[in-house]
Each structure stands twice: as structure tokens, then as C-alpha cells.
Amino acid sequence: MNPVYDHIIAILVVGAIFVWAVALMPNVNLVNLKTVEQQQDRNIALNVFNNMLLDTGYPQDWGSCMIDFNSSAVKRFGLASASESSLYKLDPDKVQRLNKNNPLGYLKYDEARALLNLTDYEFCLRIIPPFNVTNENGTKIDDTHTPLIFADPPTNSVLRYTIKVTYLDGSPIPNALVEGYVFYSKNKDFDLRPVQNTTTNALGICSEQMTLTLQNPDYVIVVLKITVAEVATILLTMGKDASIYVADINMVGDTIILTKAKNPSNEDVKINEVYVYTSNGTLFSLYNGTNQDHFNTGSGQHMLWDKTFDGLKYRDPVALIFDFEAVTDRRREVIVAGPYRDILSYNIFDYGGNIGNAKSAVKIQRSVAIAGLIYTAELWLWKGYS
Amino acid sequence: MRVIETILAVIIIVIAFSFTNIMATSPKSPSYEPSDLERLGYDALYNLDRQEILAKFVYSSNFSLLKSALMVCLPTDVNFNLTIFDVDKDGKLQKEGSITYGDNTLFETSNFVSTVTYILAGSGTEYDPRILVLMLVRR
Numbered sequence: 343m344n345p346v347y348d349h350i351i352a353i354l355v356v357g358a359i360f361v362w363a364v365a366l367m368p369n370v371n372l373v374n375l376k377t378v379e380q381q382q383d384r385n386i387a388l389n390v391f392n393n394m395l396l397d398t399g400y401p402q403d404w405g406s407c408m409i410d411f412n413s414s415a416v417k418r419f420g421l422a423s424a425s426e427s428s429l430y431k432l433d434p435d436k437v438q439r440l441n442k443n444n445p446l447g448y449l450k451y452d453e454a455r456a457l458l459n460l461t462d463y464e465f466c467l468r469i470i471p472p473f474n475v476t477n478e479n480g481t482k483i484d485d486t487h488t489p490l491i492f493a494d495p496p497t498n499s500v501l502r503y504t505i506k507v508t509y510l511d512g513s514p515i516p517n518a519l520v521e522g523y524v525f526y527s528k529n530k531d532f533d534l535r536p537v538q539n540t541t542t543n544a545l546g547i548c549s550e551q552m553t554l555t556l557q558n559p560d561y562v563i564v565v566l567k568i569t570v571a572e573v574a575t576i577l578l579t580m581g582k583d584a585s586i587y588v589a590d591i592n593m594v595g596d597t598i599i600l601t602k603a604k605n606p607s608n609e610d611v612k613i614n615e616v617y618v619y620t621s622n623g624t625l626f627s628l629y630n631g632t633n634q635d636h637f638n639t640g641s642g643q644h645m646l647w648d649k650t651f652d653g654l655k656y657r658d659p660v661a662l663i664f665d666f667e668a669v670t671d672r673r674r675e676v677i678v679a680g681p682y683r684d685i686l687s688y689n690i691f692d693y694g695g696n697i698g699n700a701k702s703a704v705k706i707q708r709s710v711a712i713a714g715l716i717y718t719a720e721l722w723l724w725k726g727y728s
Numbered sequence: 008m009r010v011i012e013t014i015l016a017v018i019i020i021v022i023a024f025s026f027t028n029i030m031a032t033s034p035k036s037p038s039y040e041p042s043d044l045e046r047l048g049y050d051a052l053y054n055l056d057r058q059e060i061l062a063k064f065v066y067s068s069n070f071s072l073l074k075s076a077l078m079v080c081l082p083t084d085v086n087f088n089l090t091i092f093d094v095d096k097d098g099k100l101q102k103e104g105s106i107t108y109g110d111n112t113l114f115e116t117s118n119f120v121s122t123v124t125y126i127l128a129g130s131g132t133e134y135d136p137r138i139l140v141l142m143l144v145r146r
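Chains A and B, in that order, are what the protein sequence lines are. Under my numbering, the first residue of the first sequence is numbered 343, with each subsequent residue one higher. Under my numbering, the first residue of the second sequence is numbered 8, with each subsequent residue one higher.
In short, the hints are calculated from the structure, not lab data. Careful, some of the hints might be misleading.
Selected chain A positions facing chain B (Cβ under 8 Å, derived; list incomplete) [what the hints assert, rightly or not]:
id, residue
1, I351
2, M367
3, P368
4, V570
5, E572
6, V573
7, K725
Yeah, the Cβ is synthetic: ideal placement off N, Cα and C, and Gly gets one too.
Model the full assembly from the supplied sequences, consistent with the hints where possible.
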């Protein structure tokens, strides 16, 4: 054969094999590359989750060291409680700073991501209650779907609640213990009484009615503690949410702060009494208001009132109930509850990016305790930048 | 002749590349799963112990409530099998009870079963150890 043809054929063959190799070799490597990438993602997720749950962050009390939150003061991100030596116990003040509805400020998702050095990753932190508490028909309990109804209209002195308790997979939980308190007011009168203890039936449903001393109350708040095998969750529900025009209740460390309502009614408000419901189901009167404990809902600073009660946080309060005396054209009692309604309740709390945007994500779960209640913390981590 | 030489050279190179790819044994990603489940199981037992729930149910042999407590503390897609052992005077383990949530065959068929051993020293001030062996598997 002519050496020229021999060379040309050799070049063609080498060229063809080169093209084939370029096309095929990455596919041969792809499985290995994907495995390595998955491992890398898992390692990053594990490190990030450990930082979140086991590290206090810096400053150690960044959730409570400043009442009006300044996110630039946070130098390191971590949710662990600084006052507890046990692992996986989260600080409710820090968890609250992840809530974008917190009137005293919150840590933005992008800031948290920067503190965690997650420039090429997105994450979503979910805090999931141990079991579901819903309306009887399975709908989520909120301001428009309340489990409270009056059993004797139009007198409206017999209040009934009906709730359903299920495992997170939807199967009913029988024999869940339900206990709590009802707070109500009518014109100038206010009263509170314990709710009769009861348990859920085989379908996970429990219904109980209570007779109120005031007919046709203006405001009703029911705080229920639902316990399954000694593991509890708290349900705070009300007939009408008065906080939207009186004040929002906040707690930072041992300090209770009232902030301006979303729709202030320009009323002169006096604090009559403050009650605390704790995670172990006890209720106590925290404070009796004096003539000094006044504010106006329509004017003044964002922070309407604040007071520090030494040792309050240590007692694991999960609900604060305020009995206000509000005056516009007439004097009346208004009751408002808070502060953990968005986080430490029967709702799933989400912080971070939208999981729906992730093509593939790593998920890790841990059991954690917040303010004396057990939750499951779940971290989703995926590659991407929004 | 050069064509044959070239083809032979290329074949050797391709075989060398393929060989290194085949022989490169990176650990399978799912092998992380057992250690992750171990941590999850340990956290659940630890949190129940911290809340003084675990000892209460174990020492009163209230296994149905213990099962409910673990069910609410662990994610719904995790099946578990908890065996409780008492330690007798001779130091031998005596099985005191066992609870299972989910399909028992999963523990035999799954390649990724995690086992956590948790020790309770006693209830109150009395030394009366129990050894809890928690097996976990994801559905």
C-alpha cells in the first residue's frame, strides 16, 4: 500500500477513535462522578446540620442578646442552646429569629447561607411537630378554620372543641391525652377555667364541651396540650384573633415585649394580667398590671411595652396570655395570646429555599428539643443559587 | 501496517482507561444511610431519656406507650425494632421485651439496617441496668 494512503487511513482511524473516546469516556465516568458528588453533598449536609444543631453560633446568645435584632451582629450561625449542656436542645430565641413574621427582626435566608459558607448550595430547614393535630375533617387549624364552636346558639355559653390527632403518616392516634385551659372575656369581665381532661377515641378524634360563666363572649382563647406517650405538642386556638389590632406578643430571653399591631385600633390599653402556660401543662399568673402598664395602640414606638421577668425562659413558656383593658368609647376586656404561634406549635415550620426548585437534594433528619417539646428537624440541601 | 499499529495502540489506551474506571471503587453513597439512621435513632432515644420518658416506660414494661413515643419521635418512613434486655446477677442478658413498628421482613431483607445500643443505668437512684437495642431501617 502507498505509504500516503496508509498514513491517511491511520489518521482517520485515530480521529474516529478520538471522537468516540470523547463521547463515551465521560459517560463511563459519570456514575463514579455522580457517586462522588452525592457523597460530597451528604458530607456538606452533615457538616451544615451539625453546625446548625450542635453549635451555639457567635455571639452564643445571638437570638436574645439584642431585642431589636441586627443580623450583622451574628458572626456564626448555630441554633443550639448556650445554657444547656445536652445535645440537640435548641434555643427558642434563635429559632424564633428564623421566622420572617417576627416583628423584632429575623435572620434572612441569604445571610444564614453566607454565615454557613453555602455559596453554591441552597438549603431548607424544617421543624416538624411529632404528630398532627387538625380539625375533625383533617383541615389545618388556623384563624379561619377553628375547632371551636358554640353548642347552644344564640346563648353561646357552651363552647365545644373537636380535634383529630394523627401520626405524621395520617393514621389516627387513640388515647392521646388532651388537657388545657380556656380564657374568655365579655365586656368588662374576664374569666379562665381548666378544660376537662379527655382522650382521643379509636379514630383519633376528641370532642369536649365546657360551660362558660359569661354568655356570648367577645373573645375566646383555648390552649390545649396534647400528649401521646408523654410526648406533647401545644395547640393555641381562638375564636377571633384580637392581636391584629391590639398588640403582638414577643418574648426574647426573659423579656416580654409588646409590639405594634398589624392594624392598630388607636385604643388606650392597660395590661390587667399576664398568664403563662408552660410546656409541662401548668398555668400560672406571671404579672398583675399596674397603672404604669399602659400604652396606646395607634401612636408611639414600634415597641409598645416591655418587661423582664427573671427566670421566665427557664420555665419553658409556650404560650403567654394577656388580659388587656382597652378603652375607645367603652371599657372592655380583650385577650391576646402568643408568642410562638408560627413556630412552636402543631405547624410545620420552613426556613430557607424552595425545595421544589431542587433537581436532587440530600435530606437529613434529627430529633431535637425546643422549649421542652420534642420535634424532628429536617435539613434539605441541594446545589444551586437563587 | 501503521493502521494496525495505531489500532493496537488505541485499544491498549482504551483498555487502560476502562480498567482504571472499573477498578476505582468509590464507596457507594447509600452506605452513608446506616450511620445516618444510627444518629437519628440515638437522638430519639437520647431525647426521650432527657425528658424522663424512656426510663419510665422501660421500667414499667409499658411497651405499647414506648412504641408510640418512638413512632412520634422518628420519621414516618423509618421502621424500627426495639429489644430490651435486663442484666441478671451473673451478668448475662435476659430478653425482657421487644417492640416492632413496620414490616419485620424488612430487617432481614434490607442491606442497610442500623443498630443502636443504648444503656439505661436504672430508675431513680437504684442501679438496675437495661440494655436497649434499637434496629432501624428505612422503608
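Hint by hint, which ones does this structure get wrong, listed from lowest number up? Of the numbered hints, 3, 7 do not hold.
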